[in-house]
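Undergrad: Read off the chains here:
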Amino acid sequence: MSKLYVARNPRVAARSLDGEMMIMSGRDSTLFTLNKTATILWQAADGATSLDEIVKLRICSEFDVEPAEALQDAENLARELASREILEVSEEPIPHRNPAGASR
Amino acid sequence: MSGLLVELHAKALAKNVPFSVQIDLTYRCNERCVHCYLDHNDHGEMTTDEIKRVLAEMADAGVFVMTFSGGEIFLRKDFFEILEYARYELHFCVKLKTNAIMIREQEAARLREIGVESIQISIYSHRPEVHDAITLVSGSLKRSIAAAKFLKSQGLRVIFANVLMVHNMRDYRDVRALAEELGIECTIDPTVTPMMDGDRSVLALGVGNQGLHEVFRDQNLVGNVDEFCAIPDPADEDSLFALPCSAGHTSCYVSPYGDVYPCVQFPLPTGNVRKQRFIDIWRDSDKMKEVRAIRLKDLTTCTSCSHVGSCSRCPGLAYMEGNMRGPSSQDCEKSFARTGVPSANMLAKKRNAANLVQIRTMPSPAGAPAGALA
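Quick note, the sequences are listed as chains R and B, same order. Numbering of the first sequence is given in the working numbering, commencing with residue 3 and proceeding in unit increments. Numbering of the second sequence is given in the working numbering, commencing with residue 1074 and proceeding in unit increments.
No wet-lab data here; the hints were simulated from the structure. A quick note: this is a predicted structure, and the numbers were derived from the prediction, not measured. By construction, the Cβ of each residue, glycine as well, lies at the ideal position given by its N, Cα and C atoms. A few of these clues could be false.
When the alpha-carbon atoms are kept at most 20 angstroms apart in a straight line, the in silico SDA-like pairs for lysine to any residue are as follows [unchecked claim]:
1) R:38 / B:1088
2) B:1088 / R:18
3) B:1225 / R:27
4) B:1084 / R:35
5) B:1360 / B:1395
6) B:1084 / R:18
7) B:1084 / R:34
8) B:1084 / R:32
9) B:1225 / R:38
10) B:1168 / R:20
11) B:1168 / R:38
12) R:38 / B:1078
13) B:1088 / R:20
Ranges between beta-carbon positions, derived for each pair [claimed, not checked]:
14) B:1310 / R:19: 22 to 32 angstroms
15) B:1262 / R:21: 34 to 44 angstroms
16) R:70 / B:1367: 19 to 29 angstroms
17) B:1088 / R:65: 17 to 27 angstroms
18) R:67 / B:1246: 55 to 65 angstroms
19) B:1330 / R:31: 50 to 60 angstroms
20) R:58 / B:1157: 47 to 57 angstroms
21) R:30 / B:1116: 36 to 46 angstroms
22) R:30 / B:1255: 10 to 20 angstroms
23) B:1234 / R:94: 17 to 27 angstroms
24) R:65 / B:1299: 54 to 64 angstroms
25) R:30 / B:1161: 16 to 26 angstroms
26) B:1297 / R:65: 42 to 52 angstroms
27) B:1312 / R:52: 47 to 57 angstroms
All chains should be modelled from the sequences, with the hints used to inform the complete structure.
TA: This is the structure in structure tokens:
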């Protein structure tokens, strides 16, 4: 399986409220909240770290889950967030367009 | 408000998080609206660096929705620098309030690129002679409408804000029609706000009871008129523990000079971000805590008013009238125009006025009938 890279879409608005990430779509102002796993993925999505590294370093260390299963779930989640224009997904590293890094 | 937004507001309230803030970037303006409550002279606006620092503090405090307003925001030469910082670096959901007359194709495209949630434009009438007579700038309606079209062509969300006054009372239906034709949302507000220095003379521009009565019976605005204008049910015990509004609870306002108020319409100084960290003002200001402690049961006159559970009472307008726990006469007038039932405040004023008038029969000169003036 080829590596996947994920990056936060700079057009969304985002803020953590008591550990829960609020996201407003830049496309149609739809408001979302991300669960804990999705929040970890969002915060780690710097465009340079591959999804399998994110899963290994950030998700498997946090949850008691098999790495292969976690990677599959993370990929599904990343693609779903990409379909809502919250994340960008690519098989190549994604150039840095968001200088501040993860949302506060 | 969507269910999720209500949920997030409730969470922000429970955690004492300022969910939304309005910053007026400047009080300078290129229009001179007859009803405006601001002093347009620059008394020392925050610099670009100061604003960026304050924005970063606000992001750290948890602020999600950031409204940039004024004055006219596009008069600041660093406006786009501030906006880019707020969006790209701090990821705020940004809303703009503007007269839009400085927005052309290029600015509209840049706003689209940076990403803003909405742009609210003040439109007073569909007729230039009425709109321009309110802004006191010839050609302003034409330029604002052109800007609205540029913004719409970029796919941005545009909202017309139509403040109703005696000048434009007859035009709101046509403003709404114009908005609909352009695919733009439209809000109608019959509230004229006193000047921030307390001068209430501008209130004479309001539509008055007759105007409110008419507006509140327009089903295109209020939906079910019978329901909207129904005599209110008595407030139950729970509603007396309700919060008056979000001011100071999940939202606040910052002036171009760094003063923090509970709301733009509630000029109670609670601190200044040039001297203190934003979060320290938000959490620890005695004034902010005082505002936060007020429940409907604590209001002086309103607690006994039949409208208490349904009134739009603005604590800021009440503060400007002299008592943040007191009634807001403008909202009393709205409740009366809506239902025909005078508020407790109106009845008390009537009693007090009656007590001031003392009519005594003059002793009549001999032969003249009692009470004759001649």
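Undergrad: Which hints, by number, does the structure contradict?
TA: Hints 9, 10, 11, 16, 19, 20, 23 are the ones this structure does not satisfy, whereas the remaining hints hold.
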